[in-house]
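Participant: This is what each chain is made of:
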Amino acid sequence: MVTAIVNPLVQEVLDLIGIFAFALSGALLAVRKRFDAVGIAVLAEATALGGGLFRDLVIGAVPPVAFTNIAYFITPLIAAAVVFFWHPRLARIRRFVLVFDAVGLGVFCVAGSIKALNFGMHPLPAVALGAATAIGGGAIRDLLAGEIPALLHPKSEIYAVPALLGSALVSIMAVAGVLTPITSALAALLAIVVRLLALRYGWRAPLARGGVAL
Amino acid sequence: MVTAIVNPLVQEVLDLIGIFAFALSGALLAVRKRFDAVGIAVLAEATALGGGLFRDLVIGAVPPVAFTNIAYFITPLIAAAVVFFWHPRLARIRRFVLVFDAVGLGVFCVAGSIKALNFGMHPLPAVALGAATAIGGGAIRDLLAGEIPALLHPKSEIYAVPALLGSALVSIMAVAGVLTPITSALAALLAIVVRLLALRYGWRAPLARGGVAL
Amino acid sequence: MVTAIVNPLVQEVLDLIGIFAFALSGALLAVRKRFDAVGIAVLAEATALGGGLFRDLVIGAVPPVAFTNIAYFITPLIAAAVVFFWHPRLARIRRFVLVFDAVGLGVFCVAGSIKALNFGMHPLPAVALGAATAIGGGAIRDLLAGEIPALLHPKSEIYAVPALLGSALVSIMAVAGVLTPITSALAALLAIVVRLLALRYGWRAPLARGGVAL
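Protein chains in written order, with the numbering used here: chain A, 8 to 221; chain B, 8 to 221; chain C, 8 to 221.
Everything labelled a hint here was simulated from the structure, so no lab data went into it. As the structure is a prediction and not an experimental result, all values here were calculated from the model. Some hints here could point you the wrong way.
In silico DSBU-like cross-links for lysine-lysine, where the CA-CA straight-line distance does not exceed 35 Å [unchecked claim]:
id	chain 1	residue 1	chain 2	residue 2
1	C	40	A	162
2	B	162	C	40
3	C	162	A	162
4	B	162	B	40
5	A	162	B	40
6	B	40	C	162
7	B	162	C	162
8	B	162	A	162
9	A	162	A	40
10	C	162	A	40
11	A	40	B	162
12	C	40	B	40
13	B	40	A	40
14	C	162	C	40
15	A	40	C	40
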């Protein structure tokens, strides 16, 4: 078992940044779909907490942190309120939200795989679970909004790949015995940078032979 | 920890009324979607048991009551059979079904938050989980039927709000030490009445500025 | 409690055949939907492992076998790679895939109900859970691909019914004390044969009066 390798307070602050960013993306999609105030709040909560909830159920960490740490529950509501009142301005800073979302992706894939390792999972499934933590909330957001999850189709830049890279680096470093707060931060940074480069240069996953972009 | 505050038999009878009402709504949507007999039964089960299943997984009450109490499993099949054979008549009593569904909503939000408190959850997340118990089954029903969950968009009268009110009242009364079978019933009644008034007077949640109704 | 009645190695080999078949069906749907390489891999994993994951969460077998047995995680990736590189040829052997999928259905409904009984569930919910294990992955596959789950509507031949038959036979034999590796295999065979006959002769579930096929 890996002992807690990240200062709990640092971990929580990073988590809350990721939760806020994911909640913004959920609330903005809800506004675009013309959902009402309830729909905006629900989509913000589901996007921000869905991935971590799935991870906690899988590793048996019940009740999940989403239902025990009040800050995790309140933060998406703040994001929903921000979007509800100021969304026309937020639309102009969509690029800003994408950067926040990339930070969330990086923090969540690292936090997810570390928590999985802490609960005694083997390194390879910990990679999968870390990535699922990071991409799960967005998938739930898209399903609730009646859309095919963005990470599945070639209209969007690679999203699961940076999460897998960050999670894989965590597992490799854990096996090598060099997983520390610093190297964990580097793994998160790797995922964030790859995601931002993918957005900047339009990196997309390959299609199967004979397949065409939507 | 709150001790069991509702007579278990009363609790179970109320639960089964809610399950039956939710199952009716699932089976009726399945008929409207022209699903076959299997689809009607599956949608009835998923609508009636989905919310409680989610709650039980979150609080670690496994196996969930949906899979341990045979009556919880059989009741949706009875509702599915009723709809399968007599749905043209049921369509005429749609108002009746909406009343039953409101009863289910009220019973489930109260039962859900009480069970969450019994499992040691803090009062605020218990509110969220009680509401999720009440609205979860309907959300799963809509997703399986290929529709955006009704509670998210402004075509439908407020649904999550009465559930949140009922759950919140339970948590407040638990903190105040006045949660009894009688006051629990009052909390359920509050949720039911608010839902029925919303249906009667067309109460809808507000839209974000610049948003328009679908 | 039923003791492990199937040789663990035989069980695992059968499981992996089912996983491979389900993963093929997920990957092929992803190609048809023009998802990219990531989408193909994710849909293969979700289809192959989703049903067992749901079962394990419900019975409290955490972490679920999908995240502890590496072979269960790798097998869908192999199926995804096969589809990615050779899908035009696979399209021609669609019938072959349907046979594999029927094998997966039969193996999973039996394995699911046996595992549920092993975890102390009563025979009737064990039937439901065995069937859910077998049909769950396909339902998740369809939802992620933006389609109504095939098992709900009358365009597809009966799929849940053979799974229920196989699971029910397992529970009946467990109660009667005649559940052995041989009779378990017979239950799986029953589900497989009924599913193949349904495909061959176009068996569909009945519609409610007034309902018409899509």
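Participant: Decide, hint by hint, whether the structure agrees.
Facilitator: Going through the hints against the structure:
1. C:40 to A:162: With Cα atoms ~12 Å apart, residue 40 of chain C and residue 162 of chain A stay inside 35 Å; holds.
2. B:162 to C:40: With a Cα-Cα distance of about 30 Å, the restraint between residue 162 of chain B and residue 40 of chain C holds, given a limit of 35 Å.
3. C:162 to A:162: Between residue 162 of chain C and residue 162 of chain A the Cα gap is close to 30 Å, so the pair holds against 35 Å.
4. B:162 to B:40: holds (19 Å)
5. A:162 to B:40: Distance of about 30 Å is within 35 Å: holds.
6. B:40 to C:162: With a Cα-Cα distance of about 12 Å, the restraint between residue 40 of chain B and residue 162 of chain C holds, given a limit of 35 Å.
7. B:162 to C:162: holds (30 Å)
8. B:162 to A:162: holds (30 Å)
9. A:162 to A:40: holds (19 Å)
10. C:162 to A:40: holds (30 Å)
11. A:40 to B:162: holds (12 Å)
12. C:40 to B:40: With Cα atoms ~23 Å apart, residue 40 of chain C and residue 40 of chain B stay inside 35 Å; holds.
13. B:40 to A:40: Since the Cα atoms of residue 40 of chain B and residue 40 of chain A sit roughly 23 Å apart, the hinted pair holds (cutoff 35 Å).
14. C:162 to C:40: holds (19 Å)
15. A:40 to C:40: holds (23 Å)
Every hint from the earlier list agrees with this structure, and none is contradicted.
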